[in-house]
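Enquirer: Input sequences plus hints: build the corresponding full structure.
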Amino acid sequence: MKISAIKELLDAEVLTCEEGLDKHVYSACGCDLMSDVLAFVKDQAVLLTGLVNPQVIRTAVMMDMVCVVFVRSKAPSEEMLELARDSGIVVMSTEKTLYTSCGLLFSNGLTGVR
Amino acid sequence: MAEELVFRFDVDGEDFTSAGQASVQVKKNLRQLGVDSEVIRRVSIAMYEGEINMVIHAGGGTALVKVYPDCIEIVLEDHGPGIKDIDLAMQEGYSTATDTIRSLGFGAGMGLPNMKKYTDSMDIESTVGVGTTITMRVNCQEVL
Ligand SMILES: Nc1ncnc2c1ncn2[C@@H]1O[C@H](COP(=O)(O)OP(=O)(O)O)[C@@H](O)[C@H]1O
Ligand SMILES: [Mg+2]
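Sequence lines, in order, name chains A and B. Residue numbers for the first sequence follow my numbering, so the first one is 1 and each next one is one higher. Residue numbers for the second sequence follow my numbering, so the first one is 1 and each next one is one higher.
A hint or two may mislead.
Unchecked claim - With a Cα cut of at most 25 Å, we get these calculated DMTMM-like pairs of lysine to aspartate or glutamate:
| id | chain 1 | residue 1 | chain 2 | residue 2 |
| --- | --- | --- | --- | --- |
| 1 | B | Lys116 | A | Asp64 |
| 2 | A | Lys42 | A | Asp32 |
| 3 | B | Lys66 | A | Glu78 |
| 4 | A | Lys42 | A | Asp22 |
| 5 | A | Lys42 | B | Glu73 |
| 6 | A | Lys42 | B | Asp15 |
| 7 | B | Lys117 | A | Glu79 |
| 8 | A | Lys42 | A | Glu19 |
| 9 | B | Lys116 | A | Glu79 |
| 10 | A | Lys74 | A | Glu19 |
| 11 | B | Lys28 | A | Glu13 |
| 12 | A | Lys2 | A | Glu19 |
| 13 | B | Lys117 | B | Glu92 |
| 14 | A | Lys42 | B | Asp36 |
| 15 | B | Lys28 | A | Asp64 |
| 16 | B | Lys117 | A | Glu78 |
| 17 | A | Lys2 | B | Glu38 |
| 18 | A | Lys23 | B | Glu38 |
| 19 | B | Lys117 | A | Asp43 |
| 20 | B | Lys28 | A | Asp86 |
| 21 | B | Lys116 | A | Glu95 |
| 22 | B | Lys84 | B | Glu38 |
| 23 | B | Lys28 | A | Glu95 |
| 24 | B | Lys116 | A | Asp32 |
| 25 | B | Lys28 | A | Glu78 |
| 26 | B | Lys84 | B | Asp36 |
| 27 | B | Lys117 | A | Asp36 |
| 28 | A | Lys23 | B | Glu73 |
| 29 | B | Lys28 | A | Glu8 |
| 30 | B | Lys28 | A | Asp11 |
| 31 | B | Lys28 | A | Glu19 |
| 32 | A | Lys74 | B | Asp15 |
| 33 | B | Lys28 | A | Glu79 |
| 34 | B | Lys28 | A | Asp43 |
| 35 | A | Lys42 | B | Glu4 |
| 36 | A | Lys42 | A | Glu82 |
| 37 | A | Lys74 | B | Glu4 |
| 38 | A | Lys96 | A | Glu78 |
| 39 | B | Lys116 | B | Glu4 |
Hints in this document: simulated from the structure, not taken from any laboratory. Since we're looking at a predicted model, the values are computed, not measured.
Expert: Right, here's the structure in full:
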């Protein structure tokens, strides 16, 4: 799924790296527990989370993730956005909840990590 | 063996928001050296979990990353409380982290198991009241 499609489905606002919207993601992870993300996630994934701190972005960096979506209109700090820009990660924010966001992506063909 | 390249970092134990900075930097450095991306990923995840542990459990410490021709070695050293029962600490789900740490996305007791999973060798030396030194290695093709 293209990142631009995620933006459309979640009616999300893009906060960094708009130029990355053409990239593809092949799996997704909806999670507030960073250690789980570090344990299970595969390449080219998008992280959906309600947790807002710099470790979310660093976790995404460590996992070579290409996109992070903050749910329920959570607003990341400028420091976090800078970290994301530095690694070319597309950061978005959506009003939808984690459950709804994951459901929308899943039912449109983006499945999770095995 | 050719002389190794060493990166050294002080890990601040006071400030959780900066935890992980050293790992991000190491990832950049290894990428510049042209290290294989899967090796970089394994090194960075293991180091990141270890770095977070030093911050949340040990009040900070130092991290050394040594690039050898055939492996990358990460040495994390702290002077925190030490680990009393290493076998127990290695179990998935075992954690002494506080609720505050949990609310920050860590403290699920997956850190040490993750570090073991992503590296080719891991050695923990720890003395209660003195500190902990964790040495991890990830094998790689010649980079230097
Ligand atoms: N550097 C350290 N110094 C002291 N104790 C540690 C250190 N690293 C890990 N521990 C202990 O081992 C436990 C398990 O670590 P870990 O698997 O990373 O889980 P978590 O960090 O989520 O608690 C910790 O809860 C802590 O009690
Ligand atoms: Mg840990």
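Enquirer: Next step is simple, just say for each hint if it's right about the structure.
Expert: Hint-by-hint comparison with the structure:
Proximity of Lys116/B to Asp64/A is assessed by CA-CA distance (about 20 Å); at most 25 Å being required, the pair is judged to hold. Of the supplied pair hints, the one linking Lys42/A and Asp32/A holds, its CA atoms being roughly 17 Å apart against a limit of 25 Å. Straight-line distance between C-alpha atoms of Lys66/B and Glu78/A comes to about 33 Å, which puts the hinted pair past the 25 Å bound. Distance hint between Lys42/A and Asp22/A is fulfilled; the C-alpha atoms sit about 19 Å from each other, no more than 25 Å.
Distance restraint check for Lys42/A and Glu73/B: the Cα-Cα separation of roughly 23 Å lies within the 25 Å cut-off, and the hinted pair is therefore satisfied. A distance of roughly 29 Å separates the Cα atoms of Lys42/A and Asp15/B; the hinted pair therefore is violated under the 25 Å criterion. Straight-line distance between C-alpha atoms of Lys117/B and Glu79/A comes to about 31 Å, which puts the hinted pair past the 25 Å bound. Proximity of Lys42/A to Glu19/A is assessed by CA-CA distance (about 23 Å); at most 25 Å being required, the pair is judged to hold.
For the given pair, Lys116/B sits about 31 Å from Glu79/A by alpha-carbon distance, which is inconsistent with the 25 Å threshold. Only pairs whose Cα atoms come within 25 Å are accepted, and Lys74/A paired with Glu19/A is accepted, the gap being roughly 22 Å. For the given pair, Lys28/B sits about 28 Å from Glu13/A by alpha-carbon distance, which is inconsistent with the 25 Å threshold. Distance restraint check for Lys2/A and Glu19/A: the Cα-Cα separation of roughly 12 Å lies within the 25 Å cut-off, and the hinted pair is therefore satisfied.
For the proposed pair Lys117/B and Glu92/B, the alpha carbon gap of about 11 Å is at most 25 Å, so the pair holds. At roughly 16 Å between alpha-carbon atoms, Lys42/A and Asp36/B fall within 25 Å of each other, so this suggested pair holds. Restraint check for Lys28/B and Asp64/A: satisfied, since their Cα atoms lie roughly 12 Å apart, inside the 25 Å limit. At most 25 Å may separate the alpha-carbon atoms for a hinted pair to count; Lys117/B and Glu78/A exceed this at roughly 33 Å.
Taking the CA atoms of Lys2/A and Glu38/B, the gap is about 23 Å. The hint holds against a cut of 25 Å. For the hint pairing Lys23/A with Glu38/B, the CA-to-CA distance comes to about 20 Å; that is within 25 Å, so the pair holds. Annotation: proposed proximity of Lys117/B to Asp43/A holds, straight-line Cα distance about 17 Å (limit 25 Å). Simply put, Lys28/B and Asp86/A have alpha-carbon atoms about 10 Å apart, close enough for the 25 Å limit, and the pair holds.
Pair hint Lys116/B plus Glu95/A does not hold up; C-alpha atoms about 38 Å apart against a cutoff of 25 Å. For the hint pairing Lys84/B with Glu38/B, the CA-to-CA distance comes to about 33 Å; that exceeds 25 Å, so the pair is violated. Between Lys28/B and Glu95/A, the direct Cα distance comes to roughly 33 Å. Violation of the 25 Å bound is thereby established for this hinted pair. Between the alpha carbons of Lys116/B and Asp32/A the distance comes to roughly 22 Å, so the proposed pair stays at or under 25 Å and holds.
For the hint pairing Lys28/B with Glu78/A, the CA-to-CA distance comes to about 21 Å; that is within 25 Å, so the pair holds. The hinted pair formed by Lys84/B and Asp36/B fails the criterion: a straight-line CA distance of about 36 Å is larger than 25 Å. At roughly 13 Å between alpha-carbon atoms, Lys117/B and Asp36/A fall within 25 Å of each other, so this suggested pair holds. At roughly 33 Å between alpha-carbon atoms, Lys23/A and Glu73/B are farther apart than 25 Å, so this suggested pair is violated.
With a C-alpha separation of about 32 Å, the suggested pairing of Lys28/B with Glu8/A is violated against the 25 Å cut-off. The straight-line distance between the Cα atoms of Lys28/B and Asp11/A is roughly 33 Å, outside the 25 Å bound, and the hint therefore fails. Proposed proximity of Lys28/B and Glu19/A is supported: the alpha carbons are some 21 Å apart, at most 25 Å. Using a Cα cut-off of 25 Å, the hinted pair Lys74/A and Asp15/B holds, with the two alpha carbons roughly 22 Å apart.
In summary, the hint linking Lys28/B to Glu79/A is supported, as the alpha carbons are separated by about 18 Å, within the 25 Å threshold. Restraint check for Lys28/B and Asp43/A: the C-alpha separation of about 18 Å stays at or below 25 Å, so the hint holds. As the CA atoms of Lys42/A and Glu4/B are separated by approximately 31 Å, the hinted pair breaks the 25 Å bound. For the proposed pair Lys42/A and Glu82/A, the alpha carbon gap of about 24 Å is at most 25 Å, so the pair holds.
With a C-alpha separation of about 44 Å, the suggested pair Lys74/A and Glu4/B falls outside the 25 Å cut-off, and the hint is violated. With a C-alpha separation of about 22 Å, the suggested pair Lys96/A and Glu78/A falls inside the 25 Å cut-off, and the hint holds. For the given pair, Lys116/B sits about 23 Å from Glu4/B by alpha-carbon distance, which is consistent with the 25 Å threshold.
Checked against the numbered hints given earlier, this structure breaks hints 3, 6, 7, 9, 11, 16, 21, 22, 23, 26, 28, 29, 30, 35 and 37; the rest are met.
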